[in-house]
Amino acid sequence: MKVSVIILLLMTLTALAAPFLANDRSFSSLLSPPIPYHPNSTDSDAILTPPNRSHLLGTDDIGRDVLAQLIWGTRISLSVGLVAMSIALTLGIFLGGIAGYFGGIWDLLISRLIEIFSCFPTFFFILALLSFVGPSLLNLMIVIGGTSWPGIARLVRAEFFRLREEEFVKAASALGAGSFRILFRHLLPNIVRPLVVIASFGIAAAILGEASLSFLGFGVRPEDPSWGSLLASGEAYWDVAWWLTLAPGSAIFLTVTAFNLLGESFRNR
Amino acid sequence: MMKQYVLKRFFLLLPTFLGITGLTFFMLQLAPGDPAALKAQSFTELLADPQQTEAVVTETQKLYGLEKPLSLQYLLWLKRIVLFDFGESYRDHRPVMAKIAEALPITLLLNALTLLVIFVIAFPLGAYNALKPNSFHDRVSALFLFLLYSLPSFWFALLLIVLFAGGDYLNLFPLIGIFSDGAERLPWYGRIGNLLWHLILPVIVLSVANIAFLSRFVRASLVEVMKKEYIRTAYAKGLSPFQVMVKHAFKNALLPLVTLFGSLLPALLSGSVIVEQIFSIPGMGRLSFESVLARDYPVIMGITVMTATLMLISYFVTDIVYGFLDPRLRLHERRGL
Chain A
1 MKVSVIILLL MTLTALAAPF LANDRSFSSL LSPPIPYHPN STDSDAILTP PNRSHLLGTD
61 DIGRDVLAQL IWGTRISLSV GLVAMSIALT LGIFLGGIAG YFGGIWDLLI SRLIEIFSCF
121 PTFFFILALL SFVGPSLLNL MIVIGGTSWP GIARLVRAEF FRLREEEFVK AASALGAGSF
181 RILFRHLLPN IVRPLVVIAS FGIAAAILGE ASLSFLGFGV RPEDPSWGSL LASGEAYWDV
241 AWWLTLAPGS AIFLTVTAFN LLGESFRNR
Chain B
1001 MMKQYVLKRF FLLLPTFLGI TGLTFFMLQL APGDPAALKA QSFTELLADP QQTEAVVTET
1061 QKLYGLEKPL SLQYLLWLKR IVLFDFGESY RDHRPVMAKI AEALPITLLL NALTLLVIFV
1121 IAFPLGAYNA LKPNSFHDRV SALFLFLLYS LPSFWFALLL IVLFAGGDYL NLFPLIGIFS
1181 DGAERLPWYG RIGNLLWHLI LPVIVLSVAN IAFLSRFVRA SLVEVMKKEY IRTAYAKGLS
1241 PFQVMVKHAF KNALLPLVTL FGSLLPALLS GSVIVEQIFS IPGMGRLSFE SVLARDYPVI
1301 MGITVMTATL MLISYFVTDI VYGFLDPRLR LHERRGL
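First to last, the sequence lines map onto chains A and B. Take the first sequence: its letters are residues 1 to 269, numbered as in the working numbering. Take the second sequence: its letters are residues 1001 to 1337, numbered as in the working numbering.
There could be a bad hint or two in this list.
Unchecked claim - So these bits of chain B aren't anywhere near chain A, every CB distance computed over 10 Å:
| no. | residue |
| --- | --- |
| 1 | L1007 |
| 2 | E1088 |
| 3 | D1092 |
| 4 | P1105 |
| 5 | P1124 |
| 6 | S1240 |
| 7 | F1250 |
| 8 | S1272 |
Said to hold, decoys possible - Covered by chain B, per the in silico footprint, the following chain A stretches (three or more residues, Cβ under 8 Å):
| no. | stretch |
| --- | --- |
| 9 | 205-217 |
| 10 | 249-257 |
These are computed hints drawn from the structure, not numbers from a lab. The beta carbon of each residue, even a glycine, is placed where N, CA and C say it ideally should be.
Just chain A, with the same shape it has in the complex (with noise of 0.2 Å):
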């Protein structure tokens, strides 16, 4: 728990201060970036050179600086996980919350709804999209998030048909709560440890799933790579240059075993 909370927190003020920790000009005299280069600044003379002491994990093959690729990616990853959670969770809430808690037509609308999405092959089915309306950054969060919802949606569903019969409810409506404040008010904060820890792995599955389309190259535009597109690039040179491939994959897989972790715990407590 502590240890990926510490982690999510670096790894969130490395997101925020990418131009002050990597950059090539510095935004004061009295504020120097700790490593002098933009991720797309190119050198010549500093091409797929090995981690040294200027170059902390190495350079790539048009000679820009892995670590200040990395820490700028940390913001495509962490933002990509972050939105595409939020829309999945948007869209599971209202849709679950609905079919748990009016019942009827709705439930049986929304539960063939669920049943559909949850047929698709999600990785196809993520692809397929992507390929017909364009891979870019925003497309990928919507595509990511608006396929990953049918899990939340069921757990809402059964969670709001399990509460809607308690007193509290009861008590509520007898006071002419309105179904919106029921629904939102007193049912949604009853659930909210349960949803903690399925965004907790979801934001992991979006952020890994990004790094497989951007690995295949269905990702994000090249100017700003994220860490899936950087291990795509650096694949080709795996016999030469293996910090190419083993930087960006430990980033992944640090940030996602931390949310993991961050799930994982909410769950057991």
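Assemble chain B onto chain A, guided by the hints.
Leaving out everything else, chain B in the frame of chain A:
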């Protein structure tokens, strides 16, 4: 009661099937460009004359009924799908079904081997950890399994290739494909050996995360069951922990596995795009990836509709089996889905 339950589940299949096909059809409408124009593009090498291209476009439009209204197009398409006619690939003009029939056995073999490895390792591991929950051994293996679960599979595959199939370190395994050059000249046992040798690394990559997941799942449900009173009774009548585990606990802990098995099926049918791509295995995963890259719409639609429908059937069977095994479900229909 059971009959009613089965019937109800059966009739709910129809709207879901319509939903699956409808969504797939809608997906194609999202696609940029006119499918007929795209098909004409695949002839561009042959047709230099723009007039001729125009003719191909209209011809294709007629062939696929693209000039008709959307709702009618959907119904026509649905009719062909029900008859297992997914059309021809834009790329090599072979029937989509033939391409799927070629790729599916390879994916099935790969995944059957993976499932075998997963079950053989995950079950004893989960059961062993459940015997003494929260012991030192349990904690260490939980952490280890956790790391395995978070391992990005494509990265893991790359590391394995570098370590075991490259020239730099060990050169134990072949890098790509499912047969070596000249394997067709080997006797049948040699070919099987050659095939297995090629599949070792992909199977390792595919099983690692699932071993972690399944063994934790088995452990969790066994720990839950071991708290029950009938387990205490079994101990009280003098059975050893091993006997209690195998004879009494396993049966009850494995009920949720039925659902789990149902959800393992999509991987079994659609294959792993990433693993098949990295190891160049000509299975379903690679076929789907290549069709997506080439915008080969008939193949994409064929794979999507077929795997989704098979999934639907497997969910149905899972529900029925579950209903047979767990009488509570028939009475309350807790799941409802």
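query = Against which earlier hints does the structure fall short, listed by number upward?
reply = 8
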